[in-house]
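Using our numbering, you'd call the opening residue of the sequence shown number 11 and step up by one each time.
Keep in mind that the hints were calculated from the coordinates and are not lab data.
None of the values given here were measured: they were computed from a predicted structure.
Some clues are possibly wrong.
[Unchecked claim] Quick list of the computed label-pair ranges, beta carbon to beta carbon:
(1) N222 x D174: 45 to 55 Å
(2) G121 x R273: 50 to 60 Å
(3) P282 x E56: 19 to 29 Å
(4) P375 x D336: 20 to 30 Å
(5) D336 x D245: 44 to 54 Å
(6) E25 x P338: 37 to 47 Å
(7) P375 x A173: 35 to 45 Å
(8) I23 x A335: 41 to 51 Å
(9) G121 x P282: 40 to 50 Å
(10) G24 x D139: 47 to 57 Å
(11) P45 x D355: 30 to 40 Å
(12) P45 x P289: 26 to 36 Å
(13) P289 x T20: 22 to 32 Å
(14) H103 x E168: 18 to 28 Å
Even for Gly, the Cβ is constructed at its ideal location relative to N, Cα and C.
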Amino acid sequence: MKSDIHSEDTALIGERQAAARALMARPLLTERTHPAEFSLVRSHAEWLTQRFHRVLGYRLTVAADHARLVKRGPGAPAPLTRPTGAPFTPRTHTYLALGLAVLVEDTGPLGIRELAGQVREAAYEAGIDADPARGLGERRAYCAALEFLVGLGALTEEEGRIADHRADALADVRLVPHTHIVRAVAAHPPRAVDDPDSFLAAAAAIDPDGDNQGEVALRRLLAETAVVLREDLPDRQRDRLWAHQWRAAAALANLLGCDVEVRAEGVALVLPDEAGGFPSDDPVGQVALALVRHLSGRLHPGRPVTSVDVPDRELDAALAVFCDADAPERAEWSRTAGPEVPGPDRLRALVLDLLTGLGLLRGAPGAWSLTAAAARYGAETDDRVPRIQDNDHDSRTQPARTSGSGQEEDSPDPRNDLNRVASVLQAVANEKVSATSGDPGDDGDG
Numbered sequence: 011m012k013s014d015i016h017s018e019d020t021a022l023i024g025e026r027q028a029a030a031r032a033l034m035a036r037p038l039l040t041e042r043t044h045p046a047e048f049s050l051v052r053s054h055a056e057w058l059t060q061r062f063h064r065v066l067g068y069r070l071t072v073a074a075d076h077a078r079l080v081k082r083g084p085g086a087p088a089p090l091t092r093p094t095g096a097p098f099t100p101r102t103h104t105y106l107a108l109g110l111a112v113l114v115e116d117t118g119p120l121g122i123r124e125l126a127g128q129v130r131e132a133a134y135e136a137g138i139d140a141d142p143a144r145g146l147g148e149r150r151a152y153c154a155a156l157e158f159l160v161g162l163g164a165l166t167e168e169e170g171r172i173a174d175h176r177a178d179a180l181a182d183v184r185l186v187p188h189t190h191i192v193r194a195v196a197a198h199p200p201r202a203v204d205d206p207d208s209f210l211a212a213a214a215a216i217d218p219d220g221d222n223q224g225e226v227a228l229r230r231l232l233a234e235t236a237v238v239l240r241e242d243l244p245d246r247q248r249d250r251l252w253a254h255q256w257r258a259a260a261a262l263a264n265l266l267g268c269d270v271e272v273r274a275e276g277v278a279l280v281l282p283d284e285a286g287g288f289p290s291d292d293p294v295g296q297v298a299l300a301l302v303r304h305l306s307g308r309l310h311p312g313r314p315v316t317s318v319d320v321p322d323r324e325l326d327a328a329l330a331v332f333c334d335a336d337a338p339e340r341a342e343w344s345r346t347a348g349p350e351v352p353g354p355d356r357l358r359a360l361v362l363d364l365l366t367g368l369g370l371l372r373g374a375p376g377a378w379s380l381t382a383a384a385a386r387y388g389a390e391t392d393d394r395v396p397r398i399q400d401n402d403h404d405s406r407t408q409p410a411r412t413s414g415s416g417q418e419e420d421s422p423d424p425r426n427d428l429n430r431v432a433s434v435l436q437a438v439a440n441e442k443v444s445a446t447s448g449d450p451g452d453d454g455d456g
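Could you put together the complete structure from these sequences and hints?
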């Protein structure tokens with residue numbers, strides 16, 4: 011029986027690309043938390059190590075029980091969050107750093123109260139006022155940091171739960187640190203610099219001097235950013251994108267198995283469905299999708315512009331309908347087995363965070379804009395949202411100002427567009443009549 015070499019090669023490539031996408035989504039993969047993905051990474055470790063280094067300049071380390079992809083350059087990581095979705099407070103970040111400082115040493119199994127004492131001593135040595143046993147607020151931040159390490163696979167709850175200690179200061183929990191994984195959590199340990207801003211700026215440089223380094227930085231930007239708009243790039247990187255966009259697209263498609271959309275406004279990577287992302291089925295994803303479609307229908311970001319302004323009243327009116335406590339969708343979500351439905355205010359904040367993180371919505375209150383990439387998700391105006399602007403001729407809202415259009419008129423009349431189309435069609439018809447009537451300009455014998 012002959013084997014289908016083409017099918018085997020396709021399956022092999024698919025496995026490698028799936029492993030690469032898993033590492034891009036979770037740069038620290040452990041055997042305990044993601045056994046299927048980690049198994050793929052181990053199977054193709056050599057190929058992944060070489061390709062990540064060649065295409066993106068990332069360093070990949072694969073050990074017996076974990077894999078760590080060390081990223082550099084642009085693309086700020088997503089904010090750390092608790093299981094409830096609430097972002098880490100500065101205090102929680104402090105306890106995470108102190109916990110790592112203690113656990114990088116091979117401590118062996120220990121109780122959560124014993125670890126709290128060691129964290130308090132580390133804080134004292136560093137000149138930081140932090141004590142997990144001082145009160146409920148401190149204990150909650152301390153427990154949130156430890157639960158984050160459990161989620162990464164760096165800690166294991168052997169006896170009891172961290173949540174028990176959060177509820178009762180006397181409850182002890184036996185924890186087992188996995189030292190090698192703990193040491194891999196911080197990919198870039200802080201070094202001696204003048205200030206935190208200098209450290210972050212050095213790590214996020216997107217416009218290096220050398221052409222080779224600049225092209226690698228450009229690929230990183232494309233891989234880590236949902237949508238890259240040309241107008242946002244420095245001059246040198248904009249020139250590099252024009253010159254090397256198809257080569258960068260081919261390299262990233264080979265590594266990640268993604269499609270690359272190259273348009274006049276910019277470039278976007280579209281990952282396969284199994285990679286997750288937007289739109290999602292949870293309430294935040296569904297409201298975000300409805301908001302993008304509604305604003306696209308009202309504001310027409312599909313015109314040849316990079317973005318259109320979103321009036322605050324327009325955005326507030328739509329969010330009030332989609333996030334309101336009486337929204338029909340909320341009752342449907344409550345009947346499903348999905349995640350807990352956030353309250354109206356929190357749902358609004360999460361939707362805005364999601365869309366700004368994806369680059370579909372930009373700015374801040376008083377200066378919101380909808381980017382051209384939003385139009386790819388459709389334009390379906392929701393009639394429940396009252397019209398805030400009325401241009402008399404067109405019943406749909408028009409932007410007050412556009413970016414990158416080169417047009418002088420703020421609110422073009424769609425009738426003018428139709429008139430121009432009719433004029434072009436008439437000119438084409440006249441040319442066809444002339445071409446068949448023996449015009450001396452024809453190539454015929456005449």
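Do the hints match the structure? See the list:
Taken as a hint, the range 45 to 55 Å holds for the pair N222 and D174, whose Cβ atoms sit roughly 54 Å apart. Separated by about 57 Å at the C-beta atoms, G121 and R273 satisfy the suggested range of 50 to 60 Å. At roughly 23 Å, the beta carbons of P282 and E56 sit within the given window of 19 to 29 Å. Distance hint for P375 and D336: a CB-CB separation of about 24 Å, consistent with the stated range 20 to 30 Å.
The given range of 44 to 54 Å is respected by D336 and D245, whose C-beta atoms sit roughly 50 Å from each other. Roughly 43 Å separates the CB atoms of E25 and P338, a value that falls within the hinted 37 to 47 Å. The hinted range of 35 to 45 Å is satisfied by P375 and A173, whose Cβ atoms lie roughly 36 Å apart. One distance hint, 41 to 51 Å for the beta-carbon pair I23 and A335, holds here, with the actual separation near 48 Å.
The given range of 40 to 50 Å is respected by G121 and P282, whose C-beta atoms sit roughly 44 Å from each other. For G24 paired with D139, a C-beta distance near 52 Å keeps the hint of 47 to 57 Å intact. Between P45 and D355 the Cβ separation comes to about 38 Å, which falls inside the hinted range of 30 to 40 Å. Taken as a hint, the range 26 to 36 Å holds for the pair P45 and P289, whose Cβ atoms sit roughly 28 Å apart.
Distance hint for P289 and T20: a CB-CB separation of about 28 Å, consistent with the stated range 22 to 32 Å. Between H103 and E168 the Cβ separation comes to about 26 Å, which falls inside the hinted range of 18 to 28 Å.
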